[in-house]
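Just so we're aligned, residue 2 is where the sequence shown starts under the working numbering, counting upward by one.
Hints listed in this document are in silico derivations from the structure and should not be mistaken for laboratory results.
You may find that some hints are simply not true.
[What the hints assert, rightly or not] In silico lysine-lysine, DSBU-like type, Cα no more than 30 Å apart, as pairs: (1) Lys159 to Lys116; (2) Lys152 to Lys116; (3) Lys154 to Lys116; (4) Lys154 to Lys123.
[Unchecked claim] Label-pair distances were calculated between CB atoms; the ranges are: (5) Lys116 to Gly85: 30 to 38 Å; (6) Arg182 to Lys116: 22 to 30 Å; (7) Asp96 to Lys159: 41 to 49 Å; (8) Pro18 to Asp117: 15 to 23 Å; (9) Asp128 to Arg70: 35 to 43 Å.
Even glycine gets a Cβ: it sits at the ideal position worked out from N, Cα and C.
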Amino acid sequence: MGTVTVEEILAAIESLPTAERERLLTALASRYGDILAPRPAQLELGAGFVTSPPVDEPDYVLVFDGGSRGNPGPGYGSYALIRGRDGAPEVVHLDFDEEMTNNEAEYAALVAGLKDLIARIKRAGLDPAGLTVEVRGDSALVINQVAGQWKAKNARMKALRDRARALLSHFAGYALHTQPREESVRLLGH
């Protein structure tokens, strides 16, 4: 086999069915996450989005996952809220009332988890602006779009990405990490 260019590899990835492309990207993120991780030192990214300062010990951890039965089909999702890294997870399961793609369901679970976390913090008499959150998910697409590393290609995905970013802006800092699918399944059950 001769030399393959980066452009040829990218074209081959683009030609994959969506589910296979997501599997590949998740595997790459799992294997090379330290190289692919968003760089907090990059303060200004596309669309004027500013990343957070680094978060060493988060006040909260949010783990999310979503999917659809049919892609597109009825959406479902889950998220876990954890106080610090060592707290007991509180898992919330969701059924969405609309048809959506797997990626849209991933975003919907993330947005629901962030909204719930902000509401809980405020009910406790605290201000999210003084707290940090670490967000974990097995969707490399969602994590990297929110981080500004990958572009959102259609209006619906851009709107979901922007909603997640707006909710993250309530916090003093945040970190975004991909995690292996097995970890999501172990914690969330799907």
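Here is how each hint holds up against the structure:
A hinted pair counts as satisfied when its Cα atoms are at most 30 Å apart, and lysine 159 with lysine 116 qualifies at roughly 18 Å. Only pairs whose Cα atoms come within 30 Å are accepted, and lysine 152 paired with lysine 116 is accepted, the gap being roughly 23 Å. Distance check on the hinted pair: lysine 154 and lysine 116 sit about 24 Å apart at the alpha-carbon level, within 30 Å; holds. Only pairs whose Cα atoms come within 30 Å are accepted, and lysine 154 paired with lysine 123 is rejected, the gap being roughly 34 Å.
Distance hint check for lysine 116 and glycine 85: the Cβ-Cβ separation is about 20 Å, which falls outside the suggested range of 30 to 38 Å. Between arginine 182 and lysine 116, the C-beta spacing of about 24 Å keeps the proposed range 22 to 30 Å intact. Restraint check, aspartate 96 to lysine 159: a C-beta distance of roughly 25 Å breaks the suggested window 41 to 49 Å. As the Cβ distance of proline 18 to aspartate 117 is approximately 33 Å, the hint placing it in 15 to 23 Å is violated.
Roughly 39 Å separates the CB atoms of aspartate 128 and arginine 70, a value that falls within the hinted 35 to 43 Å.
Of the hints listed earlier, those the structure fails to meet are numbers 4, 5, 7 and 8, in rising order.
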